[in-house]
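Use these hints to put chain B onto chain A, whose structure you have.
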Amino acid sequence: MAFEVQQGQIDNNLLLMLVGDIDEEAVFPSLKNLTGEIYIDLKSVSSINSIGIRAWILWFGEMASVKFNFINCPKAMVMQMNMVEGFLPQGAQVKTLQVPFYCENCDEEKDIVFEVGKEIQIQGGQILLKFDKDRVCGPGCEPELDVNESKYFRFLINGGQSQAA
Amino acid sequence: MSKKVIHLKDYIKGVHGSLQDKVVVGSDIRPGQAVNLAIQHRPLQVITNGFDELRIVKIKDDIDKFLDQPGECLIEITEDISSRFQQKFFANSSKGDFLLQVDQFLKSSKFRRVREDLHLISDELFTNFTKSASSPTRSMKFGIDANDETVLVYCRDYFGTLNPSSMLENMQRCFNEGIKNAIRKDKGAGAGIGSYLIFTLGVGMAITVSPGKGSLVVVWMPRNAHHEDRVDMNKSLIIIEGKES
Numbered sequence: 001m002a003f004e005v006q007q008g009q010i011d012n013n014l015l016l017m018l019v020g021d022i023d024e025e026a027v028f029p030s031l032k033n034l035t036g037e038i039y040i041d042l043k044s045v046s047s048i049n050s051i052g053i054r055a056w057i058l059w060f061g062e063m064a065s066v067k068f069n070f071i072n073c074p075k076a077m078v079m080q081m082n083m084v085e086g087f088l089p090q091g092a093q094v095k096t097l098q099v100p101f102y103c104e105n106c107d108e109e110k111d112i113v114f115e116v117g118k119e120i121q122i123q124g125g126q127i128l129l130k131f132d133k134d135r136v137c138g139p140g141c142e143p144e145l146d147v148n149e150s151k152y153f154r155f156l157i158n159g160g161q162s163q164a165a
Numbered sequence: 166m167s168k169k170v171i172h173l174k175d176y177i178k179g180v181h182g183s184l185q186d187k188v189v190v191g192s193d194i195r196p197g198q199a200v201n202l203a204i205q206h207r208p209l210q211v212i213t214n215g216f217d218e219l220r221i222v223k224i225k226d227d228i229d230k231f232l233d234q235p236g237e238c239l240i241e242i243t244e245d246i247s248s249r250f251q252q253k254f255f256a257n258s259s260k261g262d263f264l265l266q267v268d269q270f271l272k273s274s275k276f277r278r279v280r281e282d283l284h285l286i287s288d289e290l291f292t293n294f295t296k297s298a299s300s301p302t303r304s305m306k307f308g309i310d311a312n313d314e315t316v317l318v319y320c321r322d323y324f325g326t327l328n329p330s331s332m333l334e335n336m337q338r339c340f341n342e343g344i345k346n347a348i349r350k351d352k353g354a355g356a357g358i359g360s361y362l363i364f365t366l367g368v369g370m371a372i373t374v375s376p377g378k379g380s381l382v383v384v385w386m387p388r389n390a391h392h393e394d395r396v397d398m399n400k401s402l403i404i405i406e407g408k409e410s
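Protein sequence lines correspond, in order, to chains A and B.
For reference, each letter of the first sequence is one residue, going 1 to 165 in my numbering.
For reference, each letter of the second sequence is one residue, going 166 to 410 in my numbering.
I should point out that these hints are in silico values taken from the structure, not numbers from a laboratory.
Be a bit skeptical, because a hint or two may be false.
What the hints assert, rightly or not - Taking lysine-lysine pairs in the DSS-like style, the calculated list, with each CA pair at most 25 angstroms apart, reads: (1) B:K345 <-> A:K95; (2) A:K110 <-> A:K130; (3) A:K133 <-> A:K118; (4) A:K110 <-> A:K43; (5) A:K95 <-> A:K75; (6) B:K408 <-> B:K230; (7) A:K133 <-> A:K95; (8) B:K275 <-> A:K110; (9) B:K253 <-> B:K230; (10) A:K133 <-> B:K275; (11) B:K230 <-> B:K174; (12) B:K345 <-> A:K67; (13) B:K272 <-> B:K260; (14) A:K151 <-> B:K345; (15) A:K67 <-> A:K118; (16) B:K408 <-> B:K296; (17) A:K67 <-> A:K32; (18) A:K32 <-> B:K345; (19) B:K260 <-> A:K75; (20) A:K151 <-> A:K130; (21) A:K151 <-> B:K275; (22) B:K169 <-> A:K43; (23) B:K272 <-> A:K110; (24) A:K75 <-> B:K223; (25) A:K110 <-> A:K67; (26) A:K110 <-> A:K95; (27) B:K260 <-> A:K43; (28) B:K272 <-> A:K43; (29) A:K110 <-> A:K75; (30) B:K275 <-> B:K223; (31) A:K75 <-> B:K345; (32) B:K296 <-> B:K306; (33) A:K151 <-> A:K133; (34) B:K408 <-> B:K378; (35) B:K230 <-> B:K169; (36) A:K151 <-> A:K43; (37) A:K75 <-> B:K272; (38) A:K43 <-> A:K75; (39) A:K118 <-> A:K43; (40) A:K32 <-> A:K43.
The shape of chain A in the complex, shown without the other chains (with noise of 0.2 angstroms):
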């Protein structure tokens, strides 16, 4: 899906939407002067390859004065805020991301939005999550969460990120 940025508003500020694929493709706007705090909603990014983590860290490298705040975020972008450091911008906060869960009795993936200090709450530099089952599921079934929970949720811990994101 080509990519492109959509502009919106969140809490008074600048909510940016990326949609699509980010690669060699994908052009970020230029938004060198821009100061403050910015949201930015990952929920339709489909996939990112080398390219576009190259165009996305440069990006962001950009804009060094402004506080980005992520929201929606899919598992392939977590993936990379994981496993690349540097991809998440300097001071950034992940809101919320999405988490995949698996259904073994109806054989299906659910990718559930969790909150930071909601159901994400991170004490003492340890992840613990508190959420309902049957808001993942129907009654009876036990979805399991998909990912290896120690390890999916370290770049909140590993970025400093707070409680009270």
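Coordinates of chain B only, in the frame set by chain A:
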């Protein structure tokens, strides 16, 4: 065990004799160290994670078979049609269409833990192929093979111009300097991080070049391991360069 296999401790002690056609076995070789070893000692293959080193000895003895049937050479292939994707693509094929076919194959829940990584590796392999193909009509065979434990993804071209040294040096730079610094220092389109990513996402990678016959890059990984666990695992690194025919 074959005399072609050396343990890392003996290799370090220098009691191995010639390295020609040898396979070094060391379960505790970290990925960056494997890349350094492969660069410094090119005939050497680094095997970790309990991978069957004799399999690699066999592969080196019949490179043509490995180029044509990497799946059969590396894992026990099942007859289940849903476990195999194989397709010919050209340098001017649409990458969007290519990835759509890959995603279609991977939509089964049995691939849920490797899906994003296989998509990314496929993207990188296709991009590398189109960059190295000097003519739009040049073709490659792309495939994904899986059994209950392992899934492998490969790209095989028919011109054999892949440069393993360049791939290894790109990977080494990312391991030594980190991706962010590699990007800062490199003005190239991808800063070579594609090779680093495809190596890091799997538990083994084989780069094979037979000049004039073809090149093959294969990456394999346990199908049921989570991405986060796989990235942390040690990795095998096989570099096979055939002679000019």
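Hints, one by one, checked against the model:
{"no.": "1", "hint": "B:K345 <-> A:K95", "verdict": "23 angstroms, holds"}
{"no.": "2", "hint": "A:K110 <-> A:K130", "verdict": "17 angstroms, holds"}
{"no.": "3", "hint": "A:K133 <-> A:K118", "verdict": "15 angstroms, holds"}
{"no.": "4", "hint": "A:K110 <-> A:K43", "verdict": "14 angstroms, holds"}
{"no.": "5", "hint": "A:K95 <-> A:K75", "verdict": "14 angstroms, holds"}
{"no.": "6", "hint": "B:K408 <-> B:K230", "verdict": "15 angstroms, holds"}
{"no.": "7", "hint": "A:K133 <-> A:K95", "verdict": "21 angstroms, holds"}
{"no.": "8", "hint": "B:K275 <-> A:K110", "verdict": "14 angstroms, holds"}
{"no.": "9", "hint": "B:K253 <-> B:K230", "verdict": "18 angstroms, holds"}
{"no.": "10", "hint": "A:K133 <-> B:K275", "verdict": "22 angstroms, holds"}
{"no.": "11", "hint": "B:K230 <-> B:K174", "verdict": "32 angstroms, violated"}
{"no.": "12", "hint": "B:K345 <-> A:K67", "verdict": "19 angstroms, holds"}
{"no.": "13", "hint": "B:K272 <-> B:K260", "verdict": "18 angstroms, holds"}
{"no.": "14", "hint": "A:K151 <-> B:K345", "verdict": "21 angstroms, holds"}
{"no.": "15", "hint": "A:K67 <-> A:K118", "verdict": "21 angstroms, holds"}
{"no.": "16", "hint": "B:K408 <-> B:K296", "verdict": "24 angstroms, holds"}
{"no.": "17", "hint": "A:K67 <-> A:K32", "verdict": "13 angstroms, holds"}
{"no.": "18", "hint": "A:K32 <-> B:K345", "verdict": "19 angstroms, holds"}
{"no.": "19", "hint": "B:K260 <-> A:K75", "verdict": "22 angstroms, holds"}
{"no.": "20", "hint": "A:K151 <-> A:K130", "verdict": "17 angstroms, holds"}
{"no.": "21", "hint": "A:K151 <-> B:K275", "verdict": "21 angstroms, holds"}
{"no.": "22", "hint": "B:K169 <-> A:K43", "verdict": "51 angstroms, violated"}
{"no.": "23", "hint": "B:K272 <-> A:K110", "verdict": "13 angstroms, holds"}
{"no.": "24", "hint": "A:K75 <-> B:K223", "verdict": "38 angstroms, violated"}
{"no.": "25", "hint": "A:K110 <-> A:K67", "verdict": "30 angstroms, violated"}
{"no.": "26", "hint": "A:K110 <-> A:K95", "verdict": "19 angstroms, holds"}
{"no.": "27", "hint": "B:K260 <-> A:K43", "verdict": "23 angstroms, holds"}
{"no.": "28", "hint": "B:K272 <-> A:K43", "verdict": "19 angstroms, holds"}
{"no.": "29", "hint": "A:K110 <-> A:K75", "verdict": "11 angstroms, holds"}
{"no.": "30", "hint": "B:K275 <-> B:K223", "verdict": "30 angstroms, violated"}
{"no.": "31", "hint": "A:K75 <-> B:K345", "verdict": "21 angstroms, holds"}
{"no.": "32", "hint": "B:K296 <-> B:K306", "verdict": "15 angstroms, holds"}
{"no.": "33", "hint": "A:K151 <-> A:K133", "verdict": "21 angstroms, holds"}
{"no.": "34", "hint": "B:K408 <-> B:K378", "verdict": "10 angstroms, holds"}
{"no.": "35", "hint": "B:K230 <-> B:K169", "verdict": "20 angstroms, holds"}
{"no.": "36", "hint": "A:K151 <-> A:K43", "verdict": "21 angstroms, holds"}
{"no.": "37", "hint": "A:K75 <-> B:K272", "verdict": "15 angstroms, holds"}
{"no.": "38", "hint": "A:K43 <-> A:K75", "verdict": "10 angstroms, holds"}
{"no.": "39", "hint": "A:K118 <-> A:K43", "verdict": "19 angstroms, holds"}
{"no.": "40", "hint": "A:K32 <-> A:K43", "verdict": "24 angstroms, holds"}
Taken one by one, the earlier hints fail for this structure at numbers 11, 22, 24, 25, 30, listed in ascending order.
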